[in-house]
Each structure stands twice: as structure tokens, then as C-alpha cells.
Amino acid sequence: MATSIAYLRPERFTVAHLITRPNIRRTLAALSLSALAFGAQGQSIPVMTDEQFAECKQTLEAKAVGAGVSEATARDVLANVNYIERVIELDRRQPEFTTTFADYFNRRVNESRITKGRELLETHRDLLNRVTRETGVPAPYLLAFWGLETNYGSYFGKMPVPSSLATLACDQRRSTFFTEQFVAALKIIDEGAIPAEQMEGSWAGAMGHVQFMPTVFLQHAVDADGDGRRDLWNSLPDAMMSAGKFLQSMGWDGEYRWGREVLLPANFDFSLSDGRRLPLAEWRGMGITDAFGNALASEPIEAALVVPSGHRGPAFLVYSNFRVIMGWNRSEFYAVSVGHLADRIAGAGGLQNPPPEDQPTLSRDQIIQLQENLNTKGFASGNPDGILGSNTRKAIREFQKSQGLIADGMPSELLLEKLNMTSGS
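Its first residue numbered 0, the sequence shown is counted upward by one per residue in numbering that gives the first Met the number 0.
Read the hints as simulated data drawn from the structure, not as lab findings. None of these values were measured; they are calculated from a predicted model. Take every hint as true, because none was put in to throw you off.
Dumping the calculated DSS-like pairs for lysine-lysine here, alpha-carbon to alpha-carbon at most 27 Å:
(1) Lys115 <-> Lys157
(2) Lys157 <-> Lys56
(3) Lys417 <-> Lys400
(4) Lys56 <-> Lys186
(5) Lys376 <-> Lys393
(6) Lys376 <-> Lys417
(7) Lys157 <-> Lys186
(8) Lys244 <-> Lys157
(9) Lys186 <-> Lys244
(10) Lys186 <-> Lys62
(11) Lys115 <-> Lys244
(12) Lys417 <-> Lys393
Work out the full structure, taking the sequences as your base and the hints as a guide.
And the structure:
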């Protein structure tokens with residue numbers, strides 16, 4: 000496949016080549032809600048009386064008008080805003096168990112989504128070429144974001160955004176953030192982008208094909224179809240161009256790819272997968288090759304090593320565009336999935352080293368116990384919160400090194416045994 004050579008093979012590629020080849024075979028942001036922190040497990044759901052919510056709505060109306068929303072819009076929208084207890088329940092809810100990379104990745108980068116993405120690349124070629132020319136973001140990435148956010152526009156969410164945001168704004172846990180989002184939503188309605196009764200989205204206010212939060216909409220949504228409205232629900236040109244503009248604003252580098260799968264040499268020091276960025280030449284000097292055993296390209300760029308499922312799973316060297324993807328969603332799993340889905344849409348094959356499906360699945364309580372045990376042994380993981388974040392991964396790496404284990408920062412049955420735990424405890 001000629002196009003996949005230009006897109007997939009070198010670290011650097013020419014956007015013009017990618018978007019003008021006639022025979023490619025079927026080849027945003029949002030502040031994603033998965034990046035928003037959930038409340039503590041077991042936290043009780045607050046109860047708000049009708050009187051309290053009515054008083055809060057008055058405050059929201061005053062803030063909206065003070066921020067430039069017309070009095071008529073603020074009054075009319077708030078007259079039809081309702082408190083949604085389900086939104087608070089969802090805000091407080093945490094998954095009981097963590098998700099392994101294999102489970103996350105395989106659910107999102109599947110044959111159905113790849114095939115659909117390739118079909119849509121042909122269907123919307125002219126539009127996507129235009130977005131690429133204006134923003135530098137290649138079409139496969141635009142499709143990958145679209146695919147992961149709403150399964151190519153098949154599901155935007157059914158929650159009434161003004162009511163959802165008002166409910167969250169009146170809740171004390173993240174009132175400041177959601178008050179800002181609510182006011183932004185009213186500004187969107189005020190400008191005529193969409194009627195209030197049609198503004199539907201996720202439970203926390205992400206909207207349209209690419210699930211923009213209201214503040215991101217105001218800053219980065221564009222009218223690409225020339226109808227005088229920025230419509231991310233009903234206008235694919237507006238949605239795709241807005242996604243491209245948002246990625247461009249975060250520093251998308253149109254000359255380079257997101258990263259690539261690589262092979263690591265035997266006895267590799269996995270403690271190097273701690274987020275450090277090194278020149279590509281240094282990684283090459285360590286014996287790292289591409290996924291097929293070929294030498295890495297000679298490019299003057301820096302890369303970080305990502306091993307989302309530890310030493311038994313795939314390894315990736317990722318470049319600056321990986322950080323841009325994480326500006327859309329602060330999940331390493333998400334960023335790898337976007338990058339690989341884009342590669343597959345462009346014609347690449349699957350991972351050479353698929354993620355293992357037998358990794359232990361830990362509950363939040365078990366992760367808290369793991370964190371407490373690490374802290375007790377002198378390996379600081381921070382305040383036990385049940386989340387496998389960077390501090391916990393660092394503490395795991397340090398403990399693994401002290402025990403002569405492979406320091407990949409991932410929980411394993413052997414690690415849990417060393418910490419007097421089991422995955423079934």
C-alpha cells in the first residue's frame with residue numbers, strides 16, 4: 000500500500016503526500032471526561048432540596064449575565080433547567096476494578112472500528128484533506144479521535160447539557176469548574192450554535208461528534224461549512240475542522256507521527272520507561288529497533304518509552320504528538336489507542352506484540368492496599384487513592400528494583416506476593 004509507506008514507515012512524513020495520493024485503500028478538545036477525576040469511593044451522594052437548587056439557579060443566572068450572556072437566554076434556559084440526581088451519582092461513581100491495557104485497547108481498537116474508519120476516510124476524503132491542509136493533522140488521526148469519542152458520531156450522549164452542568168455547578172465538589180462550563184454552554188446557546196433543548200451530550204457536558212466541553216467549544220470550534228453557526232452536532236465539517244484546530248493549538252507537529260511500536264533488547268532496563276525523553280539516537284544506541292527488527296530512523300527528535308502493560312506487553316517510543324493527544328485526554332491508554340487506531344486506518348497491521356490478557360485486575364481497595372504496603376516499606380506512592388498514577392508506578396519500579404524484579408512499574412502476581420497480597424485478596 001503506497002500511502003502506508005509514507006504515513007507509517009518513517010518518523011517524518013510529508014502531509015501533502017498523504018492527502019493527495021488517489022489510491023489509498025479505504026484508508027479533537029475536548030476535555031475528555033475520562034480525564035476528570037472521580038470522587039472517593041463510597042462517598043455519599045449529596046441531597047439538594049428544590050429550594051437550594053432554585054437559589055443556586057439564581058446565582059448561576061447572575062453569573063451568566065455578568066459574563067456577557069443575554070438576560071433573555073439566561074432566563075429562558077434556567078427556567079427549563081432541572082436537577083438530575085443521576086448526574087451526581089455518575090460523578091461520584093468509580094469502577095470497582097481497574098481496567099487492564101489489554102481490555103481497554105481491545106475494546107476500542109477493533110476490526111469493526113478500523114474498517115469503518117477506512118470507509119469514512121474514502122467517504123469524507125475532500126473534507127479531511129482540507130482539514131489536514133489547514134491544520135497539519137493527518138486524516139487518520141482525525142478519524143481515530145472521532146472513532147474513540149463517539150464511534151464515528153453514532154452516540155453523542157442523551158443528557159440535557161444545561162441541566163447536567165447546572166446540577167454539577169450547584170454541587171460543591173467541583174462547583175467552580177462546572178460553573179465555568181455552564182456559563183460557556185449558555186454563551187454557545189446565546190450565539191445561536193444550537194437551541195437549548197437540542198444541546199445534548201454526556202453526563203458531564205461533553206458535546207457533539209468530538210465531545211468538546213463548552214469552554215473548549217468557545218475557544219476552538221469553527222464554522223467550516225459557512226452556514227454562520229458552529230455546529231458540532233449536525234455539521235461534520237465543523238466538527239472535523241474544530242478537532243484539527245484544537246490539536247493544532249496544542250502544538251501538533253504535522254511532520255512527525257505519534258510514535259511507533261518497538262522491540263526492546265534482552266535485559267532492557269525498564270526503569271527507563273518513567274517518562275524521560277531522550278534523543279532517538281540514544282534509544283537506538285540501546286539496541287531498540289522498530290517492531291520488525293529494523294534500525295530506527297535517524298531523526299533529530301526526542302522520544303519517551305511507554306510500556307502500558309509492562310515488560311510482557313508491547314513497547315512504544317512516542318514523540319511530541321503523543322503529548323498532544325494526551326492534552327485531549329490525560330490517559331496513556333487513550334493516547335496509545337488513538338495513535339494505533341490512526342495507523343490501522345492508514346493501512347498498518349496489528350501490534351507485533353499484543354498486550355497480555357492475563358494481567359491481574361485489581362479493585363480500587365486492592366490498589367489502596369498496594370499503595371499502603373509500598374508506603375509502609377518506604378517506597379513513597381503518595382496518598383493512597385486507589386489510582387495507579389505516576390507516583391504509584393514510580394514506587395512500584397523502585398520496589399521491583401529492590402527485589403531484583405523487572406522494574407516496569409506494573410502490578411504482577413509476583414509483585415503482589417512480595418507485598419503480601421494476591422490479586423484475589
